[in-house]
Amino acid sequence: MKLLVVEDEPSLLNSITRYFQQEQFTCEGVSNFTDALQRMEDIIYDCIILDINLPGGSGLQLLKYLREDKKKDGVIIISARDSLDDKILGLNYGADDYLTKPFHLPELSARVKALLRRKYSDGSAAVDLKVLHIELASRTVTTQGQSIALSKIEYDLLLFLVTNKNRVVSRQAIAEHLYNGPSDQAPGPEFVYSHIKNLKRKLKEKGCPEIIQSVYGLGYKLVV
Amino acid sequence: MLAGSVFFYLTLMAHIRHMKHQQLQLKQTNVWNAYSLDTVHVPAMLAGEYSIAPGKMQDDMISGSDDVIADSANLAYLMQAHRLNNKTYIVTTYISAKEYRHLLIKVSIAEAIIFILLLVTIVIVNRRTSARLWTPFYSTMNAIRGYDIRQNKPLALETTTGTEEFDRLNRTLLDLIDHVDQAYRNQKQFTENASHELQTPLAIIRSKVELLSEGPGLNEDSAQLLQEIAEANERLSQMNKNLLLLTRIDNGQYPEVELIELSRSVEHLGNFFREYYENKISRTATTIQPNVHLMANPALIEILINNLLRNAYIHNIPDGWVDIQLSDKGLVIKNSGPAIDGDPERLFDRFRKGRVDNRTTGLGLALVKQITQLYKYDIQYTYREGVHTLSLSFA
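Residue numbers (this note's numbering), protein chains in the order written: chain A, 231 to 454; chain B, 237 to 631.
Treat the hints with care, since some could be wrong.
[Stated by the list, open to error] A partial selection of chain A residues facing chain B, derived with a Cβ cut-off under 10 Å:
(1) Leu321
(2) Phe333
(3) Tyr423
(4) Ser424
[Said to hold, decoys possible] Between beta-carbon pairs, the in silico distance windows are:
(5) A:Asn396 / B:Glu464: 54 to 62 Å
(6) A:Glu271 / B:Pro526: 50 to 58 Å
(7) A:Asp272 / B:Pro526: 50 to 58 Å
(8) B:Pro491 / A:Lys427: 39 to 47 Å
(9) A:Arg269 / B:Pro526: 49 to 57 Å
(10) A:Lys382 / B:Glu494: 24 to 32 Å
The hints are simulated quantities; they were obtained by calculation from the structure and are not laboratory data. A quick note: this is a predicted structure, and the numbers were derived from the prediction, not measured. Don't be surprised by glycine CBs; every beta carbon is placed ideally from N, CA and C.
For reference, chain A alone in the conformation it holds in the complex:
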């Protein structure tokens, strides 16, 4: 999968590209308008992560050029401007998703993967992890042929961990992902623990091996 990150803050750009490179993505990073335009004209990407405020122009302008060219690269806007107007404008210009800064890298990763799934799965999307099978459309989880009844929060939590499998996901990132409201008013992360506990118990009851690990105090990791 080919990924382009357009972000003017070098330190943040570096973090994002490193994070995705660790996941077998081919990830390139550019930090200004002209470079981004050049790359977008030369190469077809599976997904472009696009900042709005760029030296030399607006990310929205890049998006406009891209869509006028009839290019179907997936686009996720990342912006520090979280007003509703910007979101609507971005989505109207043809962005597939919109994420407000500051975001968690696992959240960005989950958004990218969800976009790619939508793009390439033609509706029958499922996640198969040998020990665990998740049907996305019907939101059902099965292990060793047995279905597991999960609450909405537990399902969202499991899917988030599965999407970020083999990576550490902090409780804060989980809390914010679970809340998923239009504003950034997620509740505190202190109750993520109890949901992890319930999820682990339910998985264990149906004979699923222990795949969710706690990484010191930092967060959780689903290992397969």
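Based on the hints, put chain B in the right spot on chain A.
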């Protein structure tokens, strides 16, 4: 005017005295001339007119410099000494004083009437003109009283009132308000810019912590340190987000309103919080009247409901309960919980925290207050016997 009246009266008196004296003197001269020419036929006395009697008077009186003039009952008289054939005669002439007194009274009354009329006219005219004259002053005062710096509305003052002084006053006031307004706006802009600029370094710290927590060199010790950095950074981020929100609401940056189905929002958020906190609070009762609508900004309403609900769950007791009631009158959230420390009136202040709780930002209820003020909703808080009640009415 009073001094004028007194002066007028005294002058009048002096004039009358002078007139009396003149008349008496003329009579004296005439009488004496007639008598001195013919002492036999001219009678020595005519009642009410004059009397001539031989007598002695002191020398200075003879000179006529100081005549004796006085008023008796109705008469004024003048006594003067005259010499004829080495004999001294005292001539006293009389005139009636009645006319003069009547004249004095009549003139005084006329003057009093004129004065009173003048006074009334002056008062009326004065009132009329001052009412008209002070109109710009009162309209300025009303405009200033109605001015609220937070509303971003310019102060409308006339600078052509027709009175130079008021024009200058209004111009000075406008300049003053302009300066104050500018300072206030700069302050708000600064807060917004500062919060905005802080977001990037916060995002960088967060991403680096996330990269580090996957690092191969991680051990329990460094993980602990990293965890503490992450938590502090998250609190900072949250605080910054809320500050930014507060200033944005302050700056009127949420002008878009739409019809919100409140019943659905409350139900959705209520379900999330109930599920999210189910291991802490097992009992949540929800009574939601369907089809309750509200014209407002959806993001702000979500923040409002979110903060109220979260508050009810966080500031609760183990195995406590939460009760959510929505009707077209408003939203009432009740929950069990320990009494808050300090003044309930200050519950909605910024950075006011109930218990020592490091996980909250102290800005949640300040946001609630800001939003209720924006939409002029009424919010009431009461605490009785272990039950916190927050009532929000959308009237």
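Consistency of the hints with the structure:
1. Leu321: violated (15 Å)
2. Phe333: Check passed: Cβ of A:Phe333 comes within 7 Å of chain B, closer than 10 Å.
3. Tyr423: holds (9 Å)
4. Ser424: Because about 4 Å separates A:Ser424 from the closest Cβ in chain B, which is inside the 10 Å limit, the hint holds.
5. A:Asn396 / B:Glu464: 54 to 62 Å: violated (25 Å)
6. A:Glu271 / B:Pro526: 50 to 58 Å: holds (53 Å)
7. A:Asp272 / B:Pro526: 50 to 58 Å: The hinted range 50 to 58 Å holds for A:Asp272 and B:Pro526, with Cβ atoms some 55 Å apart.
8. B:Pro491 / A:Lys427: 39 to 47 Å: holds (44 Å)
9. A:Arg269 / B:Pro526: 49 to 57 Å: holds (52 Å)
10. A:Lys382 / B:Glu494: 24 to 32 Å: Since A:Lys382 and B:Glu494 have Cβ atoms about 26 Å apart, the given range 24 to 32 Å holds.
Consistency note: the structure conflicts with the earlier hints numbered 1, 5.
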